[in-house]
Amino acid sequence: MPKLIRVVLVISIGVFCWSPGWAQELSGEEMRSLDGQVQEIKSDVLGIAAELSTLEERLLYPSNTQLAVFVSLASGETLRLDAVRIQIDGEAVAHYIYSFKELEALQDGGVQRIYTGNVTTGMHEMTVSVAGKSQSGSDFSETESFSFNKGIDPRLIGLTVAGPGSGQAAIQLGEW
Amino acid sequence: MIRAASALVAFSFVISFSADAAEDGLSDLYFGEALFYANQSQFFEALERLDAELGQYYGLDEPALDTLHIHVGDAEFSVGDFELSYRMHHRAGRAITAVLEGDVEDIVRNEAAFRLARIHFQKDQLDDALNALGRIEGDVPDEIEDDVEFLRANIYLATDRSEEAAEVLRGLQGSDTLESFAAYNLGIAMLQGGHEADALQQLDRAGQLGTAEPGAPSIRDKSNLVLGTLLLESDRYTDAIRSLDRVRLEGPLSNQALLSAGWAAFYAENFERAIVPWSILAERDSTDPSVQEAMLALPYAYGQLSIHGRSAVLYGQALDAFSEELRKLDASIGSIREGKFLQALIREEIRQNKDWVIQLRSLPETPETYYLMELLASHDFHTSLQNYLDLEDLRAKLQSWQSSFDAFEDMIEIRKQYYEPLLPDIDQQFRELDSRIRLRQEQHTLLEQRMQSLLIAPRPEFLATMEERRINEQLNRIEQSLGDDSSPQAVALRERARRLQGLLTWTVTTAYHDRLTEFGKHLNELQSAMDVMTAQYESFVRVRQAAVHSYEGYEIPIRRLRTRVSEASAKVGLLMARQGRLLELVAISELVARRDRLENYQNQARYALADSYDRATAAQTSRVQE
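Those sequence lines, one after another, are chains A and B. Throughout the first sequence, residue numbering follows our numbering, covering 1 to 176 in sequence. Throughout the second sequence, residue numbering follows our numbering, covering 177 to 802 in sequence.
Any given hint could turn out to be false.
[What the hints assert, rightly or not] Here are the computed distance ranges between Cβ atoms for each label pair:
1) A/Gly36 with B/Glu596: 46 to 56 angstroms
2) B/Gln575 with A/Gly117: 20 to 30 angstroms
3) B/Arg311 with A/Ala169: 39 to 49 angstroms
4) A/Lys101 with B/Arg424: 49 to 59 angstroms
5) A/Glu29 with B/Gln377: 33 to 43 angstroms
6) A/Gly117 with B/Thr641: 53 to 63 angstroms
7) B/Phe716 with A/Gly36: 24 to 34 angstroms
8) A/Glu56 with B/Arg460: 45 to 55 angstroms
9) B/Glu775 with A/Lys101: 38 to 48 angstroms
10) A/Thr120 with B/Glu514: 50 to 60 angstroms
11) B/Arg486 with A/Lys101: 49 to 59 angstroms
12) A/Ala94 with B/Ile732: 27 to 37 angstroms
Simulated from the structure, these hints should not be mistaken for laboratory data. Where is the CB? At the ideal position from N, CA and C, for every residue including glycine.
Use the sequences and the hints to build the structure in full.
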């Protein structure tokens, strides 16, 4: 009995860096081959996605009317951003509620494209409302209006959100 | 063991890099958007955005004016990182090689060389990895200095150059970010080099390091478990127990540590002490092999203490548990064979979270997923599963794109039906407008030329008013009608006409400069009107062009894309079937191996149960006789 159990013990120590040997023999070569093919198809599909994006952009958002609005958090911002609402010329165009994962992505320096649409050339009015909670847990909401000019090229607008006590404007408009 | 530690470090580096790029303040929104997706582990979307942005950047006539310009090095590195994270090892490294070959500063080239080396290492191209590290010279960014050396040590370890690995790792003892990893790997390097005593001492040190870096507790557990196992195999049971006791009770290595701690006490013939860890372990999840072994070992220890009744009861419980596990294993194997396993893996609620592996634990107990977490411990299974899930993502994307082509075609047709009948009338109006605009432009050009000539050679008569011109013509006609008439009346009239002519010339000449100024002012005003007209003209041309472009020129790209999507879908379907089949095979083979082991345990438990009953009965009889 002790001998039998000792054999079992050796196997269990091996589990530390273990993978089933028989399964490995069974599938190792095929797995590598399949892995290569999976990588190839990923590359193909990325190529399709790029071409499709270009086509979609041409079709849905031609450059002379294209407007894209991006949202980011100010550097080092701890504000818990809950929602952003955007109106252009009085019409609601975007209302986004953030998941925890998306908020973390923003806090790590990501920039979210919240809206892509079309506007005519000329002056327009944009109203941005943000809602969230400050680090202390108090509710935070702010609304700002901005004017912007849409020319014949695609118009990119970046909104940077900062919480109370950051010493910055709650919503800053950046132009690209 | 060695590779597992190194993989952990590489993973944490990718995450921190994404954050670093953003910390300096991003000025390129699309790069920021790629990071937004990458930070959520949506690497396909991240790659799609960043590839497009980089493609556009390199297509520019003056890329230095683009917002990506100052981040282009970071962006190239990020592409490599995203590709690695998306398990596209074949493609990863291309962009980084491009940076390495370019005319860049030492600090950028060295970071590129490090990243390339890391990619080669992950692809098991160890010579290439060392060659890439060999290209590092001059300034190295502070934040990767330790990472470079740690990678070098790992490559040495993977190529059995343990002495060199140990030397490098000694230099990393005290590193701010890698001390635990370096301490553990140094122990492994010593072990690999045959210096067992030193290795044990080093692992003992690694198991007690009080560093606060991420992953340090896991590395401490790992060091203590490996050390405890080595000591156990060397029959140094007391030392083994001391190491194994340091493994956290709630950590992922806890089960193995408890099992080994029990055996160490058992072989030291301290059976009462062996009962303690095994009793804890026997209460845990019975799908774990360590738990199953403890269920068998625990009554064995009671047997050694001659507590045969308790031993028999525990063997009986172990038998029940093994029977239940065997039933579950059979159900799992059956369920996998019915194809339910693959269906369970692609359930949407699991895929919502980047920590989907952790989510798997919360799946409802169904036969197809009983042993999923255990299966994931196998590297091959894990890789296959990731590939299968990636393929499922691609399948869903392709399916959604395929259906959007019909919508695009409908949209194009509606636009065509709307614009095409309008265009002939608009074009007719445009042609008329166009000819009028051209006429005005010619007139404007003529006036500008006249202004220039007047500035060079003054010609007051050119700026005479209409009235003055009419009077001048009238006076000329009067003079002509008088001809050579020399009558006193005619002479008087001629004289009057000349006086008037003189007056007219006086007026035109003296008013010339004011008129020239006025002329210039009007010409400027006209220029403004011409600018407005030109802008309207160009706007019209653009709008007309946009109207046509909204429905023309899409037929071929859509047809081509439709074919590509269709072909890719077929290929993805085929690969999913093969990958799925492989997953099922790996899972079944693993579960069958577990089943065999469990049957072996069950047999041992049956014999041991009978033996315990016999001994219990014999002991009772002996007591009665006494």
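How the hints compare with the structure:
no.	hint	result
1	A/Gly36 with B/Glu596: 46 to 56 angstroms	holds, 49 angstroms
2	B/Gln575 with A/Gly117: 20 to 30 angstroms	holds, 26 angstroms
3	B/Arg311 with A/Ala169: 39 to 49 angstroms	holds, 46 angstroms
4	A/Lys101 with B/Arg424: 49 to 59 angstroms	violated, 28 angstroms
5	A/Glu29 with B/Gln377: 33 to 43 angstroms	holds, 41 angstroms
6	A/Gly117 with B/Thr641: 53 to 63 angstroms	holds, 56 angstroms
7	B/Phe716 with A/Gly36: 24 to 34 angstroms	violated, 55 angstroms
8	A/Glu56 with B/Arg460: 45 to 55 angstroms	holds, 53 angstroms
9	B/Glu775 with A/Lys101: 38 to 48 angstroms	holds, 44 angstroms
10	A/Thr120 with B/Glu514: 50 to 60 angstroms	holds, 59 angstroms
11	B/Arg486 with A/Lys101: 49 to 59 angstroms	holds, 51 angstroms
12	A/Ala94 with B/Ile732: 27 to 37 angstroms	holds, 34 angstroms
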